[in-house]
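Residue numbers (this note's numbering), protein chains in the order written: chain G, 191 to 448; chain P, 191 to 448.
Think of the hints as simulated: they come from the structure by calculation, not from any bench.
Model, not experiment: these values are computed from the prediction.
The beta carbon of each residue, even a glycine, is placed where N, CA and C say it ideally should be.
There may be inaccurate statements among the hints.
[To be verified] What follows is a list of derived Cβ distance ranges for each label pair:
1) Gln280/G <-> Gln383/P: 21 to 27 Å
2) Thr258/P <-> Val251/G: 49 to 55 Å
3) Arg429/P <-> Ser312/G: 45 to 51 Å
[Said to hold, decoys possible] Beyond 10 Å from chain G on every Cβ pair, some chain P residues (computed):
4) Ser199
5) Arg210
6) Arg232
7) Leu253
8) Ile313
9) Val315
10) Ile318
11) Asp340
12) Gln352
13) Ala356
14) Leu357
15) Gly384
16) Leu385
17) Gly430
18) Arg434
[Claimed, not checked] Residues from chain G that face chain P, not an exhaustive set, calculated with beta carbons under 10 Å:
19) Arg194
20) Pro247
21) Glu248
22) Ala250
23) Val251
24) Ala326
25) Ala329
26) Ile342
27) Pro425
28) Met432
There are 2 protein chains.
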Amino acid sequence: MAGRLIAASLGPGDPGLITRRAWQALQGAARWCYPVRRRGGRSHALGIVERAGLAVPEDAVELIFPMTHDTETLARAWARAAQQIVPILQAGRDLLFLVEGDASTFSTFTYLARMVQQLDVSIAVEIIAGVPAYNAAAADGAFPLAETDDTIAIVPAGYGLQELEALLPHFDTLVLMKVKPLLDPLIDWLAAQGLLQEALFVEKAGTPEERIVRDVMSLKGEKVNYLSLMLVRNPNRQRGTMIRGCKQKPAAQPQGEA
Amino acid sequence: MAGRLIAASLGPGDPGLITRRAWQALQGAARWCYPVRRRGGRSHALGIVERAGLAVPEDAVELIFPMTHDTETLARAWARAAQQIVPILQAGRDLLFLVEGDASTFSTFTYLARMVQQLDVSIAVEIIAGVPAYNAAAADGAFPLAETDDTIAIVPAGYGLQELEALLPHFDTLVLMKVKPLLDPLIDWLAAQGLLQEALFVEKAGTPEERIVRDVMSLKGEKVNYLSLMLVRNPNRQRGTMIRGCKQKPAAQPQGEA
């Protein structure tokens, strides 16, 4: 009987945001594995459990996922990591993959699990959900992500301002990930939209080095960290009519409503 | 010195998804308050801590938020709840507001905190972030919400199919909240888009009664629970060029990129 591959989502960095289930799993019999950028490199995920006061077991397995956008290099790294852990799983031991944030949201775990199941379809995968970084940013910045019936778009800022311009009318909240490469034009765009007062900049959300900036204009020209996001409220969204749940029957629904 | 109003996000229902910080806060000296739909009614949030094995303190305060979309009735309820708790806070005791899911995401807490600070601006508000229901749905259904550079839209389904049709080309993942009122037309729309195999239906995500349905077509004509969502992958999204973070300097960015 093969062991299970279990993703332990640890939240964005604050050990207080580890869930009780992940915490319990960390104290259990499963062997740990964790991602690093290069051999012997620092692991964010491992840093979270260390800050929580846990000792790293000697048999914890380092998996290398290089910092690159080259899809072939990445695919090779995922395949190598899967080949590394499949024998451990096949020997019957559960493996806990330590992951920052939430394992379903912008995480390497998705690729790793896919590769592992390609190698051995009998290996069961389990995921312990966690707190995503932007939820921690919203909490720490007292910035509501969504009120009743609101819409949220979570978009890497790198798709550019034209894309944001197209999305803005549809959303009450934009969560812009990785704003670093276009921070200055983004600030100008927010100013042009009259949204400067509606934006919150958060660097390293949910980590001990978290920085929250309300006066986003003050960031112009600054070199910010790679792990930087912006939350933007759009008070100008025009809402269409809503089809409510409790008062209408499915049979009474029109087909092409707005 | 007034007490603090602290939102304890408890996750979607599984007591294992309570964070360590919220768990610690629940064992602390703060008085509890929790939302109900009507006097003496069942509280989902309270149910989570009860399932976690905690006893409800005798001085826990019930706050009534009626199940209605009438904005005046709701505003009165928020104001009444705020008037109920402000004296407790002014007397110096911390108050823990128990909230399902994440307090920043589709939660009553936003309104309550606003009303409390309108009554007494000196009252400090803190938020402990939590796991949103759709993250639990994704984990339990092994459904990745976002891979690298993906885009996510979180949209109440009630805005209708025309709205979804407009958003689809921009997103890799749609998280459709409250699908009940238009489940049948939504299933037909997914079929027409060739997305039936890319959809996952989850009822009462992250609760003990969670139900996951992969064959969404089988739901046609069924009356599902009010707390039902659908996760939809869109493998057909055409991606624009991305502006990468690590290789370019902010000064080198063009202004209107796609």
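Evaluation of the provided hints:
no.: 1; hint: Gln280/G <-> Gln383/P: 21 to 27 Å; verdict: 39 Å, violated
no.: 2; hint: Thr258/P <-> Val251/G: 49 to 55 Å; verdict: 53 Å, holds
no.: 3; hint: Arg429/P <-> Ser312/G: 45 to 51 Å; verdict: 34 Å, violated
no.: 4; hint: Ser199; verdict: 8 Å, violated
no.: 5; hint: Arg210; verdict: 5 Å, violated
no.: 6; hint: Arg232; verdict: 17 Å, holds
no.: 7; hint: Leu253; verdict: 16 Å, holds
no.: 8; hint: Ile313; verdict: 12 Å, holds
no.: 9; hint: Val315; verdict: 6 Å, violated
no.: 10; hint: Ile318; verdict: 7 Å, violated
no.: 11; hint: Asp340; verdict: 7 Å, violated
no.: 12; hint: Gln352; verdict: 5 Å, violated
no.: 13; hint: Ala356; verdict: 7 Å, violated
no.: 14; hint: Leu357; verdict: 6 Å, violated
no.: 15; hint: Gly384; verdict: 18 Å, holds
no.: 16; hint: Leu385; verdict: 17 Å, holds
no.: 17; hint: Gly430; verdict: 5 Å, violated
no.: 18; hint: Arg434; verdict: 6 Å, violated
no.: 19; hint: Arg194; verdict: 12 Å, violated
no.: 20; hint: Pro247; verdict: 20 Å, violated
no.: 21; hint: Glu248; verdict: 25 Å, violated
no.: 22; hint: Ala250; verdict: 21 Å, violated
no.: 23; hint: Val251; verdict: 22 Å, violated
no.: 24; hint: Ala326; verdict: 5 Å, holds
no.: 25; hint: Ala329; verdict: 4 Å, holds
no.: 26; hint: Ile342; verdict: 4 Å, holds
no.: 27; hint: Pro425; verdict: 14 Å, violated
no.: 28; hint: Met432; verdict: 4 Å, holds
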